[in-house]
Amino acid sequence: MNKLISLISGIVFGIGLLISEMVNPAKVLGFLDLFGNWDPSLAFVMIGALIISSPLFHVIKKREKPIFVEQFNYSNNKEINNKLIIGSALFGAGWGLGGLCPGPAISSIALLNINSITFVFAMFIGFYIVKFFNLSKTS
Amino acid sequence: MNIVNFTPFTATLGGMIIGLAVVIFFFFNGRLVGISGIASNALTEKDNKFDNILFLLGLIIGPIIYSLFSSKEINITISNSIILLIFAGLLVGIGTRVSGGCTSGHGISGIGRFSLRSIIATITFMVVGILTVLIKSFI
Chain A
16 MNKLISLISG
26 IVFGIGLLIS
36 EMVNPAKVLG
46 FLDLFGNWDP
56 SLAFVMIGAL
66 IISSPLFHVI
76 KKREKPIFVE
86 QFNYSNNKEI
96 NNKLIIGSAL
106 FGAGWGLGGL
116 CPGPAISSIA
126 LLNINSITFV
136 FAMFIGFYIV
146 KFFNLSKTS
Chain B
43 MNIVNFTPFT
53 ATLGGMIIGL
63 AVVIFFFFNG
73 RLVGISGIAS
83 NALTEKDNKF
93 DNILFLLGLI
103 IGPIIYSLFS
113 SKEINITISN
123 SIILLIFAGL
133 LVGIGTRVSG
143 GCTSGHGISG
153 IGRFSLRSII
163 ATITFMVVGI
173 LTVLIKSFI
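Top line first, the protein sequences correspond to chains A and B. As numbered in our numbering, residues 16 to 154 make up the first sequence, in order. As numbered in our numbering, residues 43 to 181 make up the second sequence, in order.
These aren't lab readings, by the way, just hints derived from the structure by calculation. Treat the hints with care, as some may be off.
Pairs of lysine to aspartate or glutamate, EDC-like flavour, derived with a Cα cap of 20 Å [claimed, not checked]:
no., chain 1, residue 1, chain 2, residue 2
1, A, 152, B, 87
2, A, 18, A, 85
3, A, 146, B, 89
If you want the footprint, here are the derived chain B segments under chain A, 3+ residues with CB under 8 Å [claimed, not checked]:
no., segment
4, 50-56
5, 64-71
6, 88-94
7, 98-112
8, 120-128
9, 131-145
10, 167-177
The beta-carbon is built from N, C-alpha and C at its ideal position, and this holds for glycine as well.
Okay, chain B solo, but in the shape it has when bound (with noise of 0.2 Å):
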């Protein structure tokens, strides 16, 4: 193992602002966040449908805004494999809401509430995730 491209300060500071948006959500309205039900919801659900609707519109304005603000440039390296993007889109789909949450719903949300049933979903995701990165490694 070789540590590389470690960005301890960006990545502590973004994710207590992460944090925050979780605390601000829950204040209010009440709901925890959890992005994969939001979206799913979005599409699916009559309940809260606006309210679902807003929040993912917001997190794609949230990084227009601070661009708008920063002068640093930001750049995503994405594969350029459009049929592993769609069945990578598939299994995300269709795995976060077979499971109930993603990262953010039992990573964040679950473990914040030291639930159980999230600790175990977060380390078999994060696991299968790091296996498969080591078997693609291999191909």
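Bound conformation, chain A alone (with noise of 0.2 Å):
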């Protein structure tokens, strides 16, 4: 059932993207140039997805456990550092530079665009790079 789940949380949340328009880098770099002509419409999505998820995280985190599976695996992690700086401004710098993020970039490529698919192929890379040279470890 949790690979059921996993599927259904994908296709909402690609449903999601589609229907705030985040899946167009046009619209996410409406949203960063604020000092032009700004489109405040990625706030929103935030503010959105943050009413539904936020008082419900608070919720289901004092249960014992999910429904399908023994225990909750999520990080953790409070440490402030360098990585987190450093990796927040590379990220920013590339979404700046292509107006695509992760999730929105995966699912543009049901729209078949060979830029998009381009941007994907390039992050995966990203995220093999960091792998081998094992740069999320290290401090």
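Two chains, each in its own frame: build the complex with the hints.
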């Protein structure tokens, strides 16, 4: 059953990205163009997501276990270090250049756009580089 | 600053659907959605590999299912520069894994739990994204 939930969560998430138009890089770049022609929509996407998820996180977290697996499994890392800042800055630069972050980039594969598929391919190479050189572990 | 293309209704609705997906995944499977983590682990880790692949598949199927039931045409505008997209993809791939999250992992799952680490990450990638778009506008 947990396999089915993984698929359903992905489908629902993808529909949300499409309805909110976050799959469109132009929409994301509009949000980041704060000093030019600003499109505040992305902030409303985050607020919409947090209104639903935040209160429910705090309720669900109090349960003994999730429904289909034996225990909750999420990082409780509280460390604020250089990696957090440098990694976020690199991500922000790539986000500002292309207008794509991982979720919308993967969802946009459905549109069979060769440019977004190229981006996803490069992104996966980036994931592999971090794994290969163990960049997420060393401080 | 001019406000343009602002779509508060679809942005909030899409965001709430994204929030619902995150809640479903947490309640049933005990995991927090972070798409850069799910995508990277699908590539490099054995744990939960099939779950991660199914989630990513869902992200791609979601928009396809939606478009079957909607007459609304989906248009995206993306950069034509392949070099820029490859560079942006590498930055996003490396940055999100070094900092341990992206717009979903830090921006929704992390902030939803009031994680200071994620709040700092989100502010960092947004500020750098805004600066990147600003610098681009001068080039």
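How the hints compare with the structure:
1. 152/A <-> 87/B: 15 Å, holds
2. 18/A <-> 85/A: It holds: about 14 Å lies between the C-alpha atoms, which stays within 20 Å.
3. 146/A <-> 89/B: Given pair residue 146/A, residue 89/B holds - Cα atoms ~15 Å apart, limit 20 Å.
4. 50-56: holds (count 6)
5. 64-71: Satisfied; 8 residues make the cut.
6. 88-94: holds (count 3)
7. 98-112: holds (count 12)
8. 120-128: Answer holds; 7 residues pass the 8 Å Cβ test.
9. 131-145: holds (count 14)
10. 167-177: holds (count 10)
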